[in-house]
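Undergrad: Chains as they are written, first to last, in our numbering: chain A, 21 to 378; chain B, 217 to 597.
It is worth saying that the hints were derived from the structure and are not from the lab.
C-beta: ideal position from N, C-alpha, C; glycine also.
Each hint should be verified, as a subset may be incorrect.
[To be verified] Capping the alpha-carbon separation at 20 Å, the derived lysine to aspartate or glutamate pairs in EDC-like fashion look like this:
| id | chain 1 | residue 1 | chain 2 | residue 2 |
| --- | --- | --- | --- | --- |
| 1 | A | LYS181 | A | ASP149 |
| 2 | A | LYS62 | B | ASP271 |
| 3 | B | LYS429 | A | ASP212 |
| 4 | A | LYS254 | B | ASP480 |
| 5 | A | LYS360 | A | ASP149 |
| 6 | A | LYS72 | B | GLU241 |
| 7 | B | LYS429 | A | GLU326 |
| 8 | A | LYS360 | B | ASP491 |
| 9 | A | LYS336 | A | GLU326 |
| 10 | B | LYS429 | A | GLU80 |
| 11 | B | LYS427 | A | GLU326 |
| 12 | A | LYS254 | B | ASP288 |
| 13 | A | LYS72 | B | ASP288 |
[Claimed, not checked] Here's a subset of chain B near chain A, in silico, CB distances under 8 Å, partners left out:
| id | residue |
| --- | --- |
| 14 | ARG273 |
| 15 | VAL281 |
| 16 | SER284 |
| 17 | SER383 |
| 18 | LEU385 |
| 19 | LEU403 |
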Amino acid sequence: MTNQANVDYSYSGEQKYQPIADGFRDPDGREYFPYLPEPGLKKALNLAIALKRPLLLEGEPGCGKTRVAAALAYELACKNWGTQPADPTKPKSPKQPKDWWNFYIWNITSSSRAQDGLYTFDAVARLRDAQLIGSGPEQLKKYLGEQETDALENRLKDKTKYREFGALGQALQAQTYRPVLLIDEIDKADSDFPNDLLLELDELRFTIGDTNENIGPPEADKKPIILITSNREKPLPEPFLRRCLYYYVPFPQADTLRSIIAARFGQRVAQKQELVNQALEKFDRIYRLLGRQPGSRPPGTSELLEFLTALIQEDKAVEEAITELENLAEELPLLGTLIKTKADQDLYVKTSSKSSEG
Amino acid sequence: MSDLVFPFLDLFQALQQAGMKLSAEQYDLLRQSLCQGFGLENWDSQNKEGKYWDDLRQVCRVLWVKPSRNYDVQVFDQVFNRYVNQKRQGIQAQQRAEVIPTAKPPKPLEPTRQWPKVPLRKMAASQPSVEEAKVPVAVKTGLAGLPEVDDTGLSLTPSQMPLPQRSLLDSWQLLRRPLRDGTRNELDMDATIRRITQEGYFSNVVMRPIKSKRVELIVLVDDGNVMLPFRPALQPLINAIETQQITPATVYRFTTYPDEYLYDWQQPTQAIPFDQVLSRMHVRRTIVLIWGDAGATQPNPSEDHRTGLMTFLTRLSPCVRSLIWLNPLPPHRWVGTLAEEVAYWLDGRMTYLSAPQVLALAKRPATDDRLFLRAPILGGG
Numbered sequence: 021m022t023n024q025a026n027v028d029y030s031y032s033g034e035q036k037y038q039p040i041a042d043g044f045r046d047p048d049g050r051e052y053f054p055y056l057p058e059p060g061l062k063k064a065l066n067l068a069i070a071l072k073r074p075l076l077l078e079g080e081p082g083c084g085k086t087r088v089a090a091a092l093a094y095e096l097a098c099k100n101w102g103t104q105p106a107d108p109t110k111p112k113s114p115k116q117p118k119d120w121w122n123f124y125i126w127n128i129t130s131s132s133r134a135q136d137g138l139y140t141f142d143a144v145a146r147l148r149d150a151q152l153i154g155s156g157p158e159q160l161k162k163y164l165g166e167q168e169t170d171a172l173e174n175r176l177k178d179k180t181k182y183r184e185f186g187a188l189g190q191a192l193q194a195q196t197y198r199p200v201l202l203i204d205e206i207d208k209a210d211s212d213f214p215n216d217l218l219l220e221l222d223e224l225r226f227t228i229g230d231t232n233e234n235i236g237p238p239e240a241d242k243k244p245i246i247l248i249t250s251n252r253e254k255p256l257p258e259p260f261l262r263r264c265l266y267y268y269v270p271f272p273q274a275d276t277l278r279s280i281i282a283a284r285f286g287q288r289v290a291q292k293q294e295l296v297n298q299a300l301e302k303f304d305r306i307y308r309l310l311g312r313q314p315g316s317r318p319p320g321t322s323e324l325l326e327f328l329t330a331l332i333q334e335d336k337a338v339e340e341a342i343t344e345l346e347n348l349a350e351e352l353p354l355l356g357t358l359i360k361t362k363a364d365q366d367l368y369v370k371t372s373s374k375s376s377e378g
Numbered sequence: 217m218s219d220l221v222f223p224f225l226d227l228f229q230a231l232q233q234a235g236m237k238l239s240a241e242q243y244d245l246l247r248q249s250l251c252q253g254f255g256l257e258n259w260d261s262q263n264k265e266g267k268y269w270d271d272l273r274q275v276c277r278v279l280w281v282k283p284s285r286n287y288d289v290q291v292f293d294q295v296f297n298r299y300v301n302q303k304r305q306g307i308q309a310q311q312r313a314e315v316i317p318t319a320k321p322p323k324p325l326e327p328t329r330q331w332p333k334v335p336l337r338k339m340a341a342s343q344p345s346v347e348e349a350k351v352p353v354a355v356k357t358g359l360a361g362l363p364e365v366d367d368t369g370l371s372l373t374p375s376q377m378p379l380p381q382r383s384l385l386d387s388w389q390l391l392r393r394p395l396r397d398g399t400r401n402e403l404d405m406d407a408t409i410r411r412i413t414q415e416g417y418f419s420n421v422v423m424r425p426i427k428s429k430r431v432e433l434i435v436l437v438d439d440g441n442v443m444l445p446f447r448p449a450l451q452p453l454i455n456a457i458e459t460q461q462i463t464p465a466t467v468y469r470f471t472t473y474p475d476e477y478l479y480d481w482q483q484p485t486q487a488i489p490f491d492q493v494l495s496r497m498h499v500r501r502t503i504v505l506i507w508g509d510a511g512a513t514q515p516n517p518s519e520d521h522r523t524g525l526m527t528f529l530t531r532l533s534p535c536v537r538s539l540i541w542l543n544p545l546p547p548h549r550w551v552g553t554l555a556e557e558v559a560y561w562l563d564g565r566m567t568y569l570s571a572p573q574v575l576a577l578a579k580r581p582a583t584d585d586r587l588f589l590r591a592p593i594l595g596g597g
């Protein structure tokens with residue numbers, strides 16, 4: 021498909037490599053939206069790609085840590101396979117490849133274990149198959165049929181049929197190019213979790229004890245590009261940090277927010293600049309108000325996008341939306357897209373009534 | 217550039233001296249990045265504002281700064297700025313006088329938090345050192361009849377803490393025993409085989425929850441004035457937390473007793489609602505350690521103090537796996553004060569500064585260690 025020598029892995033975030041505003045869907049059903057990287061983030065990402073090190077991203081919730089991985093996968097596919105952003109009128113462009121750039125996501129939960137990301141071995145299924153065979157082959161044929169019995173016998177002979185790879189395990193297998201791996205919200209897991217991944221992240225190889233298989237390490241030009249995000253709920257252990265590059269994603273400035281809105285909503289906001297300006301003003305006030313309040317979390321970019329989506333619904337007139345914005349303190353459902361707790365909503369209502377009196 | 221083979225080695229060493237725990241491998245990362253063209257943007261245009269350092273700064277920051285005390289961003293910025301200033305002055309001087317200035321290594325940054333160096337104690341039986349013997353010294357003769365006190369042997373800097381860091385770490389290991397917790401999603405092979413042998417055929421598997429060491433420590437420190445003299449005794453614990461030997465752990469401050477707000481340890485002006493801290497606790501994972509006198513320094517407890525403490529403990533107790541109250545005052549000083557009452561409520565979970573006592577508390581089996589408050593003695597005191 022692609023010549024090995026000239027795969028370009030750099031990330032530019034340029035306009036020509038952005039998906040359309042309504043989003044692009046890959047064969048796995050994952051959606052890609054336009055993403056405007058912050059210059060520092062772009063540099064950090066390129067550095068991590070060049071040095072073949074995992075990149076740890078931290079930042080306020082909703083500042084776009086997770087989205088950047090998808091944006092990278094999309095750009096790499098565009099750049100190297102010539103996939104152009106799909107035309108909105110023709111959702112399936114003829115150039116679109118059948119399979120997509122290998123992009124693995126490992127969502128960490130509080131019960132995640134390091135091994136889950138590598139592989140799982142279904143010992144129960146194997147035990148069940150062995151029991152079934154042992155219970156008498158003749159009877160089995162009668163119940164399961166010839167074909168199913170043969171399949172069962174074949175399965176039982178080959179241990180590898182019972183193991184299934186996790187996201188990291190897949191990324192470390194033989195690849196034709198460097199895949200993208202996202203380990204999302206690593207701080208959610210057990211505090212030992214990052215330490216359990218040291219060898220895998222360092223040497224990019226692991227062993228499956230149940231089948232005596234050795235996976236990896238991949239060749240130098242096929243190493244996965246690993247992005248790890250964290251919300252800073254827990255400190256991460258130092259040996260783990262030492263192996264990663266680190267970047268703190270700052271909250272976008274007002275100008276950047278404007279371009280993000282333009283990229284995400286495209287034509288839908290072209291006629292509604294006044295509305296966008298007012299909405300940004302309100303957002304800015306809430307952001308600063310909650311930033312000062314101990315224990316409150318100011319809204320992030322994703323909340324702002326939701327807020328705008330609610331405002332620019334197609335059947336809603338601009339005037340109506342502007343009135344809603346002006347009385348934001350009373351429009352609780354709309355306010356709820358930006359402020360998520362009752363206490364903070366009350367605070368906002370109180371301060372806004374005070375400022376309108378004064 | 218200082219050297220083409222080892223570019224910016226002096227910067228790297230300055231950062232190391234300033235306390236960043238950088239390894240040779242991390243220096244190699246910088247070399248690799250420079251080789252691949254990172255960090256040298258705008259390098260040729262030697263404009264006077266020194267903008268061409270920005271790219272290098274960004275690259276070094278991504279490579280070396282991490283969310284940890286040993287890779288602190290403030291230390292990095294300080295050292296980097298000083299380095300850039302030095303270099304720029306060097307270049308300017310060169311341009312002015314064509315004299316090559318002697319390259320001075322940047323001054324090591326003083327570590328910000330460190331105890332004053334404890335002078336070695338002189339042992340009573342120690343021999344005077346050779347130099348002392350050689351140099352004639354004027355001898356001060358004391359007043360007749362009064363014993364002479366050698367004040368060099370007295371040290372007011374505490375050095376031997378009642379709770380050394382080692383024993384704290386041991387207690388922590390005991391506290392974070394693994395527990396089976398959560399949904400049953402691990403195959404219990406032994407129980408499955410037992411069932412097969414019992415029933416004679418394979419019917420179903422037996423599942424059990426995964427064993428995990430998921431424990432977090434929350435330390436609440438009373439930073440009221442009466443607690444100031446005891447602060448050094450807490451330092452080993454704070455050190456262990458700051459060097460991440462006890463992790464995950466969070467330290468908060470309060471004064472006298474925690475009410476609606478707790479305060480951040482690093483930034484005492486930052487208030488955190490107690491509700492928020494409570495809501496983040498986990499009944500099977502959170503261990504709370506309280507450092508305070510519980511009113512042992514006040515002979516006449518006020519009613520506010522008592523109700524405040526009681527409310528606090530009542531709210532806290534259903535949210536935690538275990539609680540230890542470390543009272544730096546010895547138990548005989550608790551008698552007749554509020555501390556005696558609190559110790560009674562806590563049913564043996566208040567202890568003084570003694571390593572065996574703390575270890576014993578940590579050893580309590582986790583399953584029975586659910587916190588139940590005893591009913592308070594009404595009108596007691």
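Undergrad: Take the hints in turn and mark each one as holding or not.
TA: Verification of the hints:
no. : hint                : in the structure
1   : A:LYS181 x A:ASP149 : holds (12 Å)
2   : A:LYS62 x B:ASP271  : holds (12 Å)
3   : B:LYS429 x A:ASP212 : holds (8 Å)
4   : A:LYS254 x B:ASP480 : holds (15 Å)
5   : A:LYS360 x A:ASP149 : violated (50 Å)
6   : A:LYS72 x B:GLU241  : holds (14 Å)
7   : B:LYS429 x A:GLU326 : violated (38 Å)
8   : A:LYS360 x B:ASP491 : holds (16 Å)
9   : A:LYS336 x A:GLU326 : holds (15 Å)
10  : B:LYS429 x A:GLU80  : violated (28 Å)
11  : B:LYS427 x A:GLU326 : violated (40 Å)
12  : A:LYS254 x B:ASP288 : holds (17 Å)
13  : A:LYS72 x B:ASP288  : violated (23 Å)
14  : ARG273              : violated (10 Å)
15  : VAL281              : holds (6 Å)
16  : SER284              : holds (6 Å)
17  : SER383              : violated (21 Å)
18  : LEU385              : violated (15 Å)
19  : LEU403              : holds (6 Å)
When held up to the earlier numbered hints, the structure conflicts with 5, 7, 10, 11, 13, 14, 17 and 18 and fits the remainder.
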